Structures are given as structure tokens and as C-alpha cells.
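The whole structure should be built from the sequences, with the hints applied where relevant.
Residues in the sequence shown are numbered from 26 upward in steps of one, following the numbering used here.
Careful: at least some of the hints might be erroneous.
[Stated by the list, open to error] Derived Cβ-Cβ restraints for the label pairs, each shown as a range:
id: 1; residue 1: G140; residue 2: R72; range: 40 to 48 Å
id: 2; residue 1: D89; residue 2: P204; range: 40 to 48 Å
id: 3; residue 1: E197; residue 2: G50; range: 32 to 40 Å
id: 4; residue 1: F34; residue 2: N147; range: 44 to 52 Å
Hint data in this document are derived by calculation from the structure and do not stem from the laboratory. Computed from a predicted structure; not experimentally measured. All C-beta atoms in this analysis are idealised placements derived from N, C-alpha and C, irrespective of residue type, glycine included.
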Amino acid sequence: MPLHTDLQFAKELQELKDRLLAMGGRCETMIDEAIHALEERDVALARSVMKADKQMNRDELEIDELVVRILALRNPVGRDLRFAVTSSKVVIDLERIGDEAVNFSERVVELIEAGPLPAPANDLPEMGRLANQMLRDALDAFVTEDAKKALTVRSQDDPVDEYYGQILRAAERYMTEQPEHIRQGMNLASCAKYLERIADHATNIAEMVVFLVRGEDVRHPKNQ
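So this is what it looks like as C-alpha cells:
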């Protein structure tokens with residue numbers, strides 16, 4: 026962020042950035058713990074992720090309030106305005122990532138309580154780690170205001186999409202071959218979908234970083 030002669034304004038902008046990064050860190054932890062809960066068949070850990078959603082909701086409300094206060098009282102322009110707008114978008118994606126981590130954890134509990142995990146579930150942890158790495162890289166790009174790094178996050182979505190398609194196909198085969206376990210297959214497919222959405226939200230954050238740094242909206246290329 027640029028230097029300000031108004032030290033109070035500079036403090037408010039830094040507070041906004043710090044709050045977003047703290048919220049992002051909580052998202053990363055929720056994803057890590059949700060994946061670990063699946064790998065270790067740890068229902069208690071999965072349930073703790075579900076409880077973390079309340080803090081995420083508080084984070085969203087407090088950050089929204091700070092953004093509104095900055096817009097109303099500081100009337101920012103140029104890069105400062107883009108930072109406020111970017112922050113208002115990023116907080117939405119972070120809150121939704123938290124929601125997806127909770128949804129994933131709910132399905133993990135159902136998978137564990139139903140018995141042995143379906144074989145296709147073995148691919149979920151790696152898919153989750155890839156999605157979480159996208160989030161980390163997007164947040165790093167936000168911290169450093171690095172548009173080039175932000176753009177690389179979009180390319181990282183391809184392997185996540187490949188895992189998603191692979192797991193969906195495996196879940197379909199599983200349900201066809203073992204119709205008595207359709208619920209397990211549906212939970213498996215849902216887990217993959219939640220991870221895919223996390224990756225999409227990480228991509229959204231990265232694209233907003235490009236807007237922040239360059240003033241360029243890359244969400245919808247003109248040739249599409």
C-alpha cells in the first residue's frame with residue numbers, strides 16, 4: 026500500500042489488511058484440519074472445524090464494518106479505493122471458503138460414521154492440499170501485492186479440476202457397483218465439490234489482487 030501523510034488512515038488500511046490475513050489464516054487452518062480429520066477418521070476434529078464457522082461469520086461482519094467506515098469517512102481514491110473494493114470482495118470469498126470447509130467436514134463425519142471409507146476417498150486429501158495451496162498463494166500475492174504471482178494461482182486450478190472429475194467418475198462407478206452404498210458415494214462426490222469450490226474462491230481472490238495492483242479486471246476475459 027502507498028505511504029500516507031494521514032497516519033490514522035494508514036493505520037485503518039493496515040488494520041483492514043491484517044484482519045483479512047487473519048481470517049485467511051483461519052480458512053487455511055480449517056481446510057488443513059478438515060483434511061486431517063478425513064485421513065485420521067477423526068470425528069471430533071471434523072466437528073471442531075464446523076464450530077469454527079461462528080468466528081468466520083464474526084470476521085466477515087467486522088471487516089465489512091471497517092470497509093464501510095473507510096469508504097464513508099475517508100472517501101478513498103485511486104489505489105486506496107481499489108484496496109477497499111478488493112477487501113470487500115475478498116472477505117466474501119474467505120467467508121464462503123469457511124462455509125465449504127464446514128460442509129466438507131459435515132460430509133466427512135457422515136463418511137466416517139458409515140463405515141470404511143470408499144477407495145476413491147483416497148484422492149480427496151491431495152485435492153484438498155492443492156486447493157489450500159492456491160489459497161495460500163493468493164493470500165501471499167495479496168500481502169505482497171504481486172500481480173504476477175496472483176495470475177499463477179489461476180493456472181493451479183487445472184489440477185484441482187482434474188481431481189474433481191476423476192473423483193466424480195470414481196464415485197459414480199462406486200455407486201453403480203455398490204448401490205447399497207449410494208449415500209457414501211454421494212458424500213464422496215460432495216466432498217470433491219466443496220474442495221473444487223474452495224479452489225474457485227481462491228482464484229477469485231487472486232483475480233482481485235490483479236485488480237488491486239493493476240486496476241485491471243481479469244475475471245471475465247473480453248474474448249469470452
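Hint-by-hint comparison with the structure:
1. Checking the proposed 40 to 48 Å range against G140 and R72 shows it is violated: the Cβ atoms sit about 19 Å from each other.
2. Between D89 and P204, the C-beta spacing of about 46 Å keeps the proposed range 40 to 48 Å intact.
3. In this structure the hint that E197 and G50 lie 32 to 40 Å apart at CB holds, the actual value being about 36 Å.
4. Against the hinted window of 44 to 52 Å, the Cβ-Cβ separation of F34 and N147 comes to about 51 Å, which satisfies the hint.
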